[in-house]
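Trainee: Given next are the chains, with one letter for each unit.
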Amino acid sequence: MFTRKLLEQDEALRQAWQREFSKVYGQNTFPAASDSGLSLKPVYTPADMQDVPYGDVAVPGVYPYTRGIYPLHYQYQPWVNQPVHGFGLPEQTRQRMDLLAREGMTGYGGVRAYNLTFDTACKAGLDPDDPAAQGLVGYGGTSLSTLDDMDRLFNNLPLDRTSVVLNVSNMSIVGLAMYLAYAEKCGVAPDKLRGNTMNWLYYAAFSDFDSFLPQGAFEMCTELVKYCTHHMPRWNTTNLFGYIVEETGGNAVQEVAFILAASSALTRCCQEVGLHPDQFLPRFSFQMGQGNDLLEQVAKLRALRQAWARLNRERFGCQDPRSLQARIHVHTAGSSLTAQQPLNNVVRAALQTLGAVLGGANSIHTCAYDEALSLPTEEAATLALRTQQVIQHETNIPAVADPLGGSYYVEWLTQRLVREVFTLLDRIEGLGGFQGCWESGWFRHELERTAYETRHRTEKGERVVVGVNRHASGEAPPVPRFHTDADVEGIAAERVCRWRQSRDSGRAQRALEQLRAAAEHSHSGGWKGQDLLMVPLVEAARSGATLGEMASVLKQTFGWGCAY
Amino acid sequence: MAGSQPLRVLLTRAQVDPHDRGLRYLATRLREAGMEVIYGRYSRPEEIAAMALQEDVDAIGIGFYCIDPMRVAPEVVGTLRERGLGQVRVLVGGIIPEDERQALLAAGVAALFPPGTSAEDVIACLKTA
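Chains as they are written, first to last, in this note's numbering: chain A, 1 to 564; chain B, 1 to 129.
What the hints contain is simulated information worked out from the structure, not anything from laboratory work.
Predicted model, so just to flag it, every value in this text is computed and none were measured.
Each hint should be verified, as a subset may be incorrect.
What the hints assert, rightly or not - Every beta carbon over 10 Å from chain A, so not counted as near; a handful from chain B, in silico:
| # | residue |
| --- | --- |
| 1 | Leu7 |
| 2 | Arg8 |
| 3 | Thr12 |
| 4 | Glu36 |
| 5 | Met51 |
| 6 | Gly84 |
| 7 | Leu85 |
| 8 | Thr128 |
Claimed, not checked - Facing chain A, from chain B, some residues (calculated, C-beta under 7 Å):
| # | residue |
| --- | --- |
| 9 | Ser43 |
| 10 | Pro114 |
| 11 | Lys127 |
Idealized CB from N, CA, C, for every residue including glycine.
Generate the whole structure from the sequences, applying the supplied hints.
Mentor: Quick look at the structure:
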């Protein structure tokens with residue numbers, strides 16, 4: 001992308017640099033590598049990016065969108081501060097929702113937006129009175145098993161003017177059915193609803209926990225996409241969860257390649273049921289991690305945008321620009337937080353948030369500094385929000401789009417990551433694709449290896465973690481801790497028992513039997529049919545079936561456990 | 001247990017909890033330190049004692065990440081004692097709320113390893129039976 005004359009000049013100046021270097025440092029070398037293991041030189045010049053086609057990095061808003069998906073970015077649409085929240089009973093989470101909204105948490109276009117997560121019991125498809133839910137209720141999210149619980153979360157919110165993320169992980173399809181039944185009670189039609197299901201049924205490939213088995217998981221993911229494509233045009237169906245790859249130990253290349261493999265697999269399933277990628281890919285979006293290697297993480301977001309555009313245009317024939325524009329939510333890396341000297345986490349989270357902004361994230365969750373100790377206190381959650389607000393309003397970074405574009409180093413690194421990503425993606429396809437690598441445990445094996453290396457380097461002191469293995473002296477002042485109320489489990493269990501007693505049991509049982517029949521038909525090859533599962537699921541929710549009861553039918557039919 | 005026999009340790013966490021980075025690392029380190037590690041996930045607390053009995057272990061390490069340790073660990077200690085396995089030590093690691101720590105120790109948990117603990121500390125604890 002440079003003229004021959006400039007490259008000749010660059011060559012001469014690099015020789016001059018080498019002479020100066022040798023005078024001062026002699027034969028010394030200064031080896032360095034990025035967090036994903038790419039060797040780094042001490043300085044980059046135009047020669048390092050001469051292979052980068054200018055069109056790939058020229059302007060934002062134009063294919064392949066390396067520099068951003070919009071012609072203007074934060075000048076017009078600031079990133080959205082979307083802290084994930086949820087704990088205890090739904091009314092307790094509602095208090096946190098209201099607090100964060102009062103403190104300035106808003107969604108796109110000023111719409112109220114809530115990034116909600118449900119507790120470990122919900123994500124495992126268990127009602128709070130299930131013996132297997134012991135210790136899980138109200139932890140890691142809010143407890144929700146009935147439409148009454150939905151009402152405790154959402155009452156008096158205008159659902160057609162509210163955007164909600166429903167993170168029920170494996171139980172995405174059940175959570176959506178319950179939200180649809182609740183919205184119906186509130187008089188809001190499916191096509192008016194906006195928000196996001198995670199559709200994360202694929203993520204046990206990366207993380208060792210019980211889930212739906214791969215074939216059934218993809219059938220249900222496809223059903224959700226298909227239903228929303230036909231009935232919920234404003235709904236974002238699928239979240240491509242790179243963050244879990246990063247958090248389980250993956251590096252930048254693995255994070256992007258693994259999640260593009262997941263997306264490719266789901267795209268093919270949706271094609272099999274008769275959808276064109278341009279019908280549903282505009283409603284896919286990403287959630288990526290933001291680790292400590294600041295510039296590699298910036299390059300990662302830029303590389304992801306380019307790789308997403310190329311993948312969908314070149315391999316899936318997409319024409320609609322919205323299918324090529326990666327919308328990226330960034331979650332700063334929870335795994336980088338330390339319990340020692342916890343206030344240091346304020347600095348880590350701020351730098352990672354800065355990285356997300358320089359990388360052009362569309363929305364951001366900044367970790368609260370106390371997340372290595374507990375769920376965040378109100379004060380810590382508010383400070384995390386303030387971190388974003390300070391960067392947004394005080395640094396002047398939003399004035400110019402993609403401010404690191406054109407940096408020799410960042411452009412070299414971006415291009416290198418794109419290349420590494422496609423190499424790894426092709427390797428995954430050669431190993432049987434996403435489902436094959438899930439079933440063989442290959443993803444897990446790769447991630448365990450990188451996680452082990454990172455941790456081992458930390459334990460040996462080769463990788464510095466301030467306050468843990470360097471500058472660890474001195475007692476840090478104690479910080480306040482959030483605590484989930486001990487009686488949450490009892491209250492939630494009692495509520496769901498009462499709910500079952502007060503509903504029309506016959507109707508609920510009939511709806512669950514219809515769901516079972518539909519699920520069996522779906523799993524025995526009928527999954528390509530129209531609205532096969534969503535309609536009976538919504539009817540089950542409407543008739544008072546609980547989250548655990550619906551989940552139980554799906555688990556029995558689609559298979560539940562560990563795939564490898 | 002006989003001095004020449006390697007220590008047998010059950011490392012476990014809830015089947016439904018996706019956080020496993022710390023426990024997996026610990027499993028590898030304990031094996032490298034010559035211990036026999038049984039890695040098993042549980043769906044109910046009582047299964048932990050059953051696994052310990054079946055595998056004849058010397059110690060159990062339970063990892064907690066988004067689950068309440070107080071709702072699980074004391075029950076494990078109690079079940080072990082009921083089954084005559086009171087000598088099997090129960091170690092708890094992960095996110096352990098500060099105000100539960102005394103209660104966990106009082107309930108018979110042998111040691112606590114909150115975030116940032118090094119594998120060396122766990123190994124040292126296991127070796128000084």
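Trainee: Which constraints among the numbered hints does this structure fail? Numbers only, ascending.
Mentor: 11
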